[in-house]
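For the record, the sequence lines run as chains P and C. In terms of the working numbering, the first sequence opens at residue 3 and continues consecutively. In terms of the working numbering, the second sequence opens at residue 21 and continues consecutively.
Just so you know, these hints were derived from the structure itself, not from any lab. Just so you know, not all the hints are guaranteed correct.
Said to hold, decoys possible - Derived CB-CB ranges, DEER-like:
1) E19(P) - D83(C): 47 to 53 Å
2) P101(C) - N60(P): 47 to 53 Å
3) P101(C) - S82(P): 31 to 37 Å
4) Y56(P) - A22(C): 30 to 36 Å
5) E17(P) - D83(C): 45 to 51 Å
6) N69(P) - K103(C): 39 to 45 Å
Stated by the list, open to error - Sample of chain C residues lacking proximity to chain P, with all beta carbon distances greater than 10 Å (derived):
7) S27
8) G48
9) K64
10) Q68
11) F85
12) L90
13) T96
14) V109
15) L111
16) G122
Stated by the list, open to error - Below, simulated BS3-like cross-link-like pairs (lysine-lysine); rule was C-alpha separation at most 25 Å, straight line:
17) K103(C) - K114(P)
18) K91(C) - K114(P)
19) K31(C) - K82(C)
20) K82(C) - K117(P)
21) K64(C) - K31(C)
22) K31(C) - K98(C)
23) K121(P) - K75(P)
24) K82(C) - K75(P)
25) K98(C) - K64(C)
26) K117(P) - K35(C)
27) K82(C) - K103(C)
28) K103(C) - K35(C)
29) K64(C) - K35(C)
30) K35(C) - K91(C)
31) K103(C) - K64(C)
Ideal Cβ positions, reconstructed from N, Cα and C, are used throughout, including at glycine.
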Amino acid sequence: AQTVTQSQPEMSVQEAETVTLSCTYDTSESNYYLFWYKQPPSRQMILVIRQEAYKQQNATENRFSVNFQKAAKSFSLKISDSQLGDTAMYFCAFLYPPMNYGGSQGNLIFGKGTKLSVKP
Amino acid sequence: EAGVAQSPRYKIIEKRQSVAFWCNPISGHATLYWYQQILGQGPKLLIQFQNNGVVDDSQLPKDRFSAERLKGVDSTLKIQPAKLEDSAVYLCASSAYTGDYGYTFGSGTRLTVV
Numbered sequence: 003a004q005t006v007t008q009s010q011p012e013m014s015v016q017e018a019e020t021v022t023l024s025c026t027y028d029t030s031e032s033n034y035y036l037f038w039y040k041q042p043p044s045r046q047m048i049l050v051i052r053q054e055a056y057k058q059q060n061a062t063e064n065r066f067s068v069n070f071q072k073a074a075k076s077f078s079l080k081i082s083d084s085q086l087g088d089t090a091m092y093f094c095a096f097l098y099p100p101m102n103y104g105g106s107q108g109n110l111i112f113g114k115g116t117k118l119s120v121k122p
Numbered sequence: 021e022a023g024v025a026q027s028p029r030y031k032i033i034e035k036r037q038s039v040a041f042w043c044n045p046i047s048g049h050a051t052l053y054w055y056q057q058i059l060g061q062g063p064k065l066l067i068q069f070q071n072n073g074v075v076d077d078s079q080l081p082k083d084r085f086s087a088e089r090l091k092g093v094d095s096t097l098k099i100q101p102a103k104l105e106d107s108a109v110y111l112c113a114s115s116a117y118t119g120d121y122g123y124t125f126g127s128g129t130r131l132t133v134v
């Protein structure tokens, strides 16, 4: 069974600085997808960034980037130039299988989350 | 496009009562998911539908939880009877396989069982 572990329950960072959130996962599969989601107090999960396991290049989205270490089963999120609006819960998630038999997209397995506070 | 709609936003009930949550997914999204998010934890899948058929309900406590997706669009999740440990946020999400593995989440229903 796949598991996702986020070892940092809470983190804080000063505005404009850089912070890295950690995530490790356990799987015996080779083809899978990894995600970071942001959950503000509104509770809606918002996709931050996505990484395909078969791609060696680390994904980037503006101020957000990942460090994907497939052999180590590590998937950390770096937030550069932190902004007050980045304050939220951040969840690492694992998708396998990408597609179920019958053609439906697979199910996300989430870690317990990291509460990030950006301080002015 | 309109987002995933969920109602109610909040619900407080006494234990042993029943409750129902409603979800309207993104138009055209064939796959619908219900997740349970207990305070301090990540969401956990309860049930996944493909159109109006069940793909995965292995983690749904079937003695008290039920869900349906009539006509492959809206979905309802019911709890009867509720227990204190059912207090959680119930998130609905939908997806359409377009190759980008996108999911759209609703804002959830926060259930408190007292």
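What are the numbers of the hints the structure violates, in ascending order? The structure breaks hints 3, 9, 10, 14, 15, 16, 18, 20, 23, 24, 26 and 30; every other hint is satisfied.
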